[in-house]
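**Q** So the chains spell out like this:
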Amino acid sequence: MSEAVVVLEDVCKTYPGEPPLQVLRHVDLTIVAGEMLAIVGPSGSGKSTLLHIIGTLDRPTSGTIWIDGNDVVKLADRQLSWLRALRIGFVFQQFFLLDGLTALENVADALLYAGVPASERRRLATTALERMGLGHRLHHHPNKLSGGEQQRVAIARAVVGRPAVVLADEPTGNLDSAAGAQILGLLAELNEEGTTIAVITHDHSVASALPRQVELRDGFVVRDSTAGGAQ
Amino acid sequence: MTAAVAERARPIRSARIGGLSLLRLGAFGVRTRPMRSGLSALGIAIGIAAMVAVSGISESSRAGVLAELDQLGTNLLTVQPGQTFGGQAAELPVEATAMIGRNEFVRQVTATGSVDAKVYRNDHIPAYQTSGIAVVAAQPDLLSTLGAHVARGAFLNQATSQYPAVVLGWTAAQRLGIDRVGEQVWLDDQWFSVIGILAPVALTPEIDSSALIGWAVAKRLLNFDGHPSVEYIRADPNSVTTLQGLLASIANPADPEQVQVSRPSDALAARAVANNAFTSLLLGLGAVALLVGAVGVANVMIISVLERRSEVGLRRALGATRLNIGVQFLSEAVLLSAIGGVAGIGMGAVATAAYALSQEWLIVIPPLAVLLGFSGAIVIGAISGVYPALRAARLAPTEALRST
Numbered sequence: 001m002s003e004a005v006v007v008l009e010d011v012c013k014t015y016p017g018e019p020p021l022q023v024l025r026h027v028d029l030t031i032v033a034g035e036m037l038a039i040v041g042p043s044g045s046g047k048s049t050l051l052h053i054i055g056t057l058d059r060p061t062s063g064t065i066w067i068d069g070n071d072v073v074k075l076a077d078r079q080l081s082w083l084r085a086l087r088i089g090f091v092f093q094q095f096f097l098l099d100g101l102t103a104l105e106n107v108a109d110a111l112l113y114a115g116v117p118a119s120e121r122r123r124l125a126t127t128a129l130e131r132m133g134l135g136h137r138l139h140h141h142p143n144k145l146s147g148g149e150q151q152r153v154a155i156a157r158a159v160v161g162r163p164a165v166v167l168a169d170e171p172t173g174n175l176d177s178a179a180g181a182q183i184l185g186l187l188a189e190l191n192e193e194g195t196t197i198a199v200i201t202h203d204h205s206v207a208s209a210l211p212r213q214v215e216l217r218d219g220f221v222v223r224d225s226t227a228g229g230a231q
Numbered sequence: 001m002t003a004a005v006a007e008r009a010r011p012i013r014s015a016r017i018g019g020l021s022l023l024r025l026g027a028f029g030v031r032t033r034p035m036r037s038g039l040s041a042l043g044i045a046i047g048i049a050a051m052v053a054v055s056g057i058s059e060s061s062r063a064g065v066l067a068e069l070d071q072l073g074t075n076l077l078t079v080q081p082g083q084t085f086g087g088q089a090a091e092l093p094v095e096a097t098a099m100i101g102r103n104e105f106v107r108q109v110t111a112t113g114s115v116d117a118k119v120y121r122n123d124h125i126p127a128y129q130t131s132g133i134a135v136v137a138a139q140p141d142l143l144s145t146l147g148a149h150v151a152r153g154a155f156l157n158q159a160t161s162q163y164p165a166v167v168l169g170w171t172a173a174q175r176l177g178i179d180r181v182g183e184q185v186w187l188d189d190q191w192f193s194v195i196g197i198l199a200p201v202a203l204t205p206e207i208d209s210s211a212l213i214g215w216a217v218a219k220r221l222l223n224f225d226g227h228p229s230v231e232y233i234r235a236d237p238n239s240v241t242t243l244q245g246l247l248a249s250i251a252n253p254a255d256p257e258q259v260q261v262s263r264p265s266d267a268l269a270a271r272a273v274a275n276n277a278f279t280s281l282l283l284g285l286g287a288v289a290l291l292v293g294a295v296g297v298a299n300v301m302i303i304s305v306l307e308r309r310s311e312v313g314l315r316r317a318l319g320a321t322r323l324n325i326g327v328q329f330l331s332e333a334v335l336l337s338a339i340g341g342v343a344g345i346g347m348g349a350v351a352t353a354a355y356a357l358s359q360e361w362l363i364v365i366p367p368l369a370v371l372l373g374f375s376g377a378i379v380i381g382a383i384s385g386v387y388p389a390l391r392a393a394r395l396a397p398t399e400a401l402r403s404t
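Order-wise, the sequence lines are chains L and A.
Residue numbers for the first sequence follow the working numbering, beginning at 1 and rising by one.
Residue numbers for the second sequence follow the working numbering, beginning at 1 and rising by one.
Bound conformation, chain L alone (with noise of 0.2 Å):
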């Protein structure tokens, strides 16, 4: 049986305020390494926050999670940060890159807060710009770039650390079919190489390509593809 890289327990988290708003109610999730998963469903339905949850960017009203075997809800910000650093990569619908760094600073970044050293995080980084295609691109800025290359740089940057699960938020969001399609096709290599791939999206086309489905609503997972997932 493969290690489980993310396991969610009854979560739930409830947004204060009048009346308090359930996003999501008592997610049971486990995602094994080496798997691709697509987390579907329809705006409002929590999945933003199942991710920021998974990519312990925020933290779950009750329940408990465990990534890469950690207990993350008794984890300070600091030892946090740290697993975020060393074990989780995010891509961004908006890409998120840093306009003052050309591609290979924005990659190089990423490993900054992990302690590796700069000449190592070049190198590292050139590797990954390579890998997605982007070696003639390492010294441009990211505004001199297509949106399918800056998504193909926001990957290199997720993947550079080799993170144990990579969550990426409707990575093709904001990219026309051609490049959506190219970009869904690199995370599918990348899953083959090994890489743990969870996708958050509303389109259910983009999802039923995916290997195994969740599909949430209301904050419910209402449907999980693989048997042994759902309860």
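No lab work stands behind these hints: they were computed from the structure.
All C-beta atoms in this analysis are idealised placements derived from N, C-alpha and C, irrespective of residue type, glycine included.
Possibly wrong hints are sitting among the right ones.
[Said to hold, decoys possible] Stretch by stretch, here's where chain A covers chain L in the computed footprint (C-beta under 8 Å, at least three residues): (1) 72-82; (2) 95-107; (3) 110-121.
[Stated by the list, open to error] Taking CB as the label site, the calculated pair distances span: (4) A/402 - L/77: 18 to 26 Å; (5) L/25 - A/402: 18 to 26 Å; (6) L/147 - A/287: 33 to 41 Å; (7) A/22 - L/133: 47 to 55 Å; (8) L/43 - A/287: 49 to 57 Å; (9) L/173 - A/284: 54 to 62 Å; (10) L/43 - A/394: 24 to 32 Å.
Keeping the supplied structure of chain L fixed, place chain A upon it in accordance with the hints.
**A** This is chain A only, laid out in the frame that chain L set:
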């Protein structure tokens, strides 16, 4: 199953970011917004420049005065009659010069005596237009004792002292409208020939507005009584203060309390010190400019944090701790101020050099002002960066990432 997962937990340490990477992070914000960074650094630069220039110029001026003093010598003493006990003007004894000259600490002594006469350009000038020029009997060695020089012509000598010849002080010559020797002036109803004009005498400005005539001719033609009105003494440089204490009783052994002894260089030295009050006022103004600059940096940093929410969110997602984020913004503020500080020191130094050169002073840029200016800039950057850094560090990552 959960227990099994927990057992595989990897040890969690904390990353260390190298100083160079930290500096690069701080430089990131400065570098990507050069215009804004430049303007806010300028605020700091102006404040630091003002402070460096003020202290540099005042130090240079002091050095200038001291250099002047050095050149003129601080060993000149003067003896003048004071007042009698009853409040009348006192007189120095006729033999005062000779008595002073016998003292072992005296290198040179000479006297001038005021003559009750007025000098005019010619005989048509009304008597009341005296131009404030004093007619003074002088000895031939006055020039060497004072270290003064003639600008035109020659000074009095033993021969010319016998005849109606006059040497004009610099100001006196200007007031009379005389710029060359050989002219005649109307002095106490007779013509005197101008044989020399003195260059300005720094230590004894009273000579500048005098018309100097020979001791002998003053006695012979102008009823001069021979009492000296000022004794000029060059003392042994190592015994100036000792001599200063003795001079009253040497010059007038009968009534030493009727004698005023002074040291003209004291007035110049006092001028060097007197600048201080003005300097602290200007330094205060510089400090206000610096404060305004600091508020500018804080302002720019707060705007920067607001604009860069998504960068903060991204860096948090990449594994930056709250501390990492805070330190990044803090070092950015410090870097901005340090750039301003260095620029300010340069501007202040240039201003000091330019002013000192125009005044023909030595250029003195006090190292303390440079050190204080630079460290002050760093401290100000740190202080003005604290609040923006805290704001950036406190941003919740999810909130920061949502803002696009």
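**Q** The structure should be examined with respect to each hint, and the outcome stated for every one.
**A** Consistency of the hints with the structure:
1. 72-82: holds (count 6)
2. 95-107: holds (count 5)
3. 110-121: holds (count 7)
4. A/402 - L/77: 18 to 26 Å: This hint holds: roughly 19 Å between Cβ atoms.
5. L/25 - A/402: 18 to 26 Å: Holds, since residue 25 of chain L and residue 402 of chain A (Cβ atoms, about 22 Å apart) stay within the stated range.
6. L/147 - A/287: 33 to 41 Å: Violated, at about 51 Å.
7. A/22 - L/133: 47 to 55 Å: Cβ of residue 22 of chain A to Cβ of residue 133 of chain L: about 33 Å, so the range 47 to 55 Å is violated.
8. L/43 - A/287: 49 to 57 Å: Because 55 Å falls inside the window, the suggested range holds.
9. L/173 - A/284: 54 to 62 Å: Given a distance of about 58 Å, which is inside 54 to 62 Å, the answer is holds.
10. L/43 - A/394: 24 to 32 Å: At 28 Å between Cβs, range holds.
Going down the numbered hints, you'll see the structure goes against 6, 7, while the others check out.
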